Structure formats: structure tokens, C-alpha cells
Amino acid sequence: MELKAKILYNDRLAEGYFRLGLSCGMAEVRAGHFVMLKVSNGLDPLLRRPLGIYRPLGAKGKGAGVELLYRVVGRGTGILSLKRPGETLGVLGPLGNGFADPPEDRKIVMLAGGMGIVPLYMLAKKARGATLLFGARTKKETFLLKDFRAMGLKIKTATEDGSAGTKGFVTELLASGITPETTVYACGPVGMLKAAAMITNKAGAKCLVSLERSMACGIGVCLGCAVRTRARHEEKENRFYKMVCSDGPVFDSEEIDWDVL
Amino acid sequence: MGRALKRENPLEVRIAGLSFKNPVMTASGTFGYGSEFAPYMDLNKLGAIVVKGLSLYPRQGNPGPRIVETPSGMLNAIGLQNVGVDDFIERKLPLLKGVDTHVIANIFGETVEDYVEVARRLDAAKGVAALEINISCPNVKKGGIVFGTDPNEAFKVVSAVRKATRLPVITKLSPNVTDIKVMVKAAEDGGSDAISLINTITGMAIDVERRRPVLATATGGLSGPAIRPIAVRMVWQAAQVAKVPIIGMGGIVTAKDALEFIIAGATAVQVGTANFIEPDASVKVVDGIEEYLVRKNMKLEELIGSLRSG
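Protein sequence lines, in the order shown, are assigned to chains X and W.
One rule links them: number in the numbering used here = place in the first sequence (from 1) + 225.
One rule links them: number in the numbering used here = place in the second sequence (from 1) + 9.
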């Protein structure tokens, strides 16, 4: 059912970045879950916007809410950024499979590109001693690490312009120090995920990715957010394509056909 | 069973010998195989569920991107991805057992023989109330001429399906034609018991930064409120010549939208794209139509085609 979410806060964190607190009585959420948010009561923009859940708010059960972090990238998020506390938004969620809890016997590496850090917050809470590799264009985006700094993680940063951390792509940091005992949890731009899939495959490590695609429904029926898998025709289910919303957004990187993504 | 007086249901409509508890159906391709929506609404409240288009064999669909939002609408090029008719009968149809509504199976093929075989298999299945023929597919044997835009091809496929099944046959018409009345006539001549319209309108969106089409297939089908005035116009035109009942659709979000179609001449309506945004949109449409009928002190049947002139 659609939840009527009351906006608790919609704070600007930095130019174009916002933190949205919603009170909506949502079921228990896990890392990688998302919501479909109706930003307009009118017909334009028509579709809901998929936004990743950052963390739960308040006590579990009735009245519990969620916090979302979003970046203004188009009209939908632009409209959202103008919403004030006290206004209500129609929300479907939590949706998607989410990340399973990190196993104790694995070495955990989290890999985030920019806003790809959003689904990793709840995961980081459960992954003590894990490494977080954060990639961004410039130092400006490193404010996204603030909540992670007090978690006892080993944090390494790479920026494309070298204004913070190592200069270059964050996946260059990934190449060293992963073994077959490592599980990488990755979210970010397709190029980064593709590189992570290659590097982990080569190292014999496991890699779980959270994908993003345009979607209309979020509940597995419009079939708009299809990603091609490596499944062959003769295999069970006979499906080349999986849906990011209902089969994912988290997939084993080995499952995805990266050549056509 | 008690012998209480059977109260007349003001929302009831009849199409091709079937009684529908209300005129609101869910449009094919927007409602999965039905059971996906059970967590979001009471499926028993629907007039009918029209399931995702079924082909003889499973279809994988098109590469992505498959959808893009447009002003008050969306373009899609899903590519008719579906589990295939056998899997539908075996695994999807049983999930709707016990749901008190009609299940209408939408069918398509690339040859007349494909359509006929799908129709035959559904005819033998229990729980399918009617077939809706999607004629918006290219006939591969005829060099890709779309069944839905050539009245002769439409006639051939409709009459072949008509002969292959005892079930009521609804023909879903494409709006991508010059004169919808010609297509209405072709469907009727082929033996269609009802017609439904409109399917999506061919459209295109371009990513100007990359100077590429947004959709992987370049063009796609436009749906949503953006197409509603076109759909209402076509239903109205179809109603002027149609002898069989019309099921109207195209951008219906609210009861008021649905009423436009009914007043224009539709006996029933289908809610499509709105299901993506509000999973229970169709139930809200049912409730709104009921409120309107109470307010106007009318039965639905009196409202059909009741458009006053000028």
C-alpha cells in the first residue's frame, strides 16, 4: 500500500545535495532497499522517483520513518528539493531485495562512487572493521563520508581531479588487497561497477553490486528497468533479463552481462 | 442460498455474453499477470484483469533503456517480454484462482498461425474468460506489415482466431492509422465480439547531449495522460460505426477520465499506465464511477454513448 509520508526535514547538505527525513510507518528496511516517491500531485512529472534508503528513523513499527539522501539531477528531484517540512509525499516501499548482512568470515570492502554511498550506510553499521573505498569527482563530494568517519572503518578516498585522497578512479584502490576471501559491496556509476566486476573476477573475490535504472513502477510489472544477465536460453526461467526493481537492485556481479549495460 | 431480492448492480455491463461487475479493467502490459498487484489492492474489485500479452513461446523483450518519461506520459519499448502461453497457463493463471473477476488473456504473434495456436491453448485452459488480440505486431511472413494498420491483415488474423476459440474475442486496435473506422470494420468483419482501443501511439525521444535516441529501439509506444484526448477522440469515432461493444483506454487516471470514454461510447474502460504510479488506481476509478452514477441517478448502461451534441 502507498504510505503517506510526512516530511520531517529536507535539508540541503551541499549545493544540489539533500537529506530527506520521512515519517511514514514503514516496514523494516535493510541496506539497498529503495522507495518510489511521488514528487508531484499532478500529472507532470508523471512517474514516481526511485530513491535509495539511507537509514531508518525512529523506533521500528508504527511511526517509524526513513532518511533518504538525494542529489538534484532533474525535474523530479528539483521539485522534491523545494518541499518543506510538514508536507506529505506518497511513498511505496521498502522495495527491492537489498544487501544480505555481510558474513562474519569474509573480508568486507565497500566501494562507493559519489551518491553510490547511500545504500552502504546500513551495511557499514553491520560490517565492523570493513574498508570503505570512496570515489568522487572532487573534494566537494567528500562531505558524504561524514557519517561514516565515526564507524571505525578503514576509509580510502580517490578523486578524479586529485583534490582529495588519491588522484584517479576509486577502482584503482580496489585492485590491491582483495583476495578470494573478500566480498565487495559496490554502488556507483556503471563504469565503476563494470571495472569492479572485472577486478574482483580476476582476484577470485565476490562482488555484489547495486544497480540503478530508469523505472516506472518499482514493483516488477512495467518491465522497464531490465538488465541483461549472462543466462543462456536453455537455462531455467528462460530469462535473459532481470528487473532492477524486483530482482535487484542488488545482483552478484557475475550475473550481469556488463558488455551491454 | 437465501432468496433475498437480488439487488441490481448499477455498474454492471455486458460484453460478448459476459457480465462484468463494473466497467473497469486493467490494461495489458501494465498489470503483470495480475497476482503481482494483490499486495496493493483487492483484485476482486476489478471488472476484469487483462494480463500481459502472451506469445506462443517466451519472449525476452528488448534491450534497455526500455522506458523514458515524457510530459504527462511515458514511452516504452519493452518488446512484449512474456513467459509464453504454456508457462502462463501452468504457473501464472492458477495464482488468480479464487479471485472474483474475469481474466482476459491478451495474445499476439508474428504470424496468423502463432495467434491461432496461442488462442487454441488458452481455449483449453480453465479460468480465461475472453481473449484480447493485440494486432500491433508486424506480420513476419508478410514482410513486417503490421497487422494492426492494414485492414486486410487485421481481418485475416481476427477471423482466424475467431475460428480457433469458443471464447469471446476482443480486438485491440492501434491508433497508428489514418482512419480508425476502417479498422473497426475489419475487426467486426473478422468476427470480433468487441473492440478495445487505443494501444500506444508511436513516439520518440532524443538525448540531445549524446544525439542518440533515448530508447534502445529508437521508437516506442507513448502512453499516459498525454494521449487521452486522442484516445477519447478515437473511441468517439469508433462508436459512430461500431456494432460491437467498445472498451476504451488511453491515459485514464481518474474516474472522470474513464467517464469521458464511457460517454463517448465505450461500454468499459481499461486503466493502464496509472497502475505503475498508483497500483490501486483502477479501484479508485471504480469508486469514482459509482459516486458519479449515484449523483446522476443513472445506471452505467444509460451513460454509454450518452454524449450530447454540440
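No lab work stands behind these hints, which were simulated from the structure alone.
All figures in this text were calculated on a predicted structure; none of them were measured in a lab.
Even glycine gets a Cβ: it sits at the ideal position worked out from N, Cα and C.
Mixed in with the good hints, there may be bad ones.
What the hints assert, rightly or not - Here are the computed distance ranges between Cβ atoms for each label pair:
#, chain 1, residue 1, chain 2, residue 2, range
1, W, Arg-23, X, Leu-486, 44 to 52 Å
2, W, Pro-48, X, Lys-379, 23 to 31 Å
3, X, Leu-486, W, Tyr-66, 42 to 50 Å
4, X, Lys-350, W, Asp-109, 44 to 52 Å
5, W, Gly-319, X, Arg-237, 48 to 56 Å
6, W, Asp-109, X, Tyr-234, 27 to 35 Å
**Request:** List in ascending order the numbers of the hints, as given earlier, that are violated by the structure.
**Result:** 2, 3 and 6
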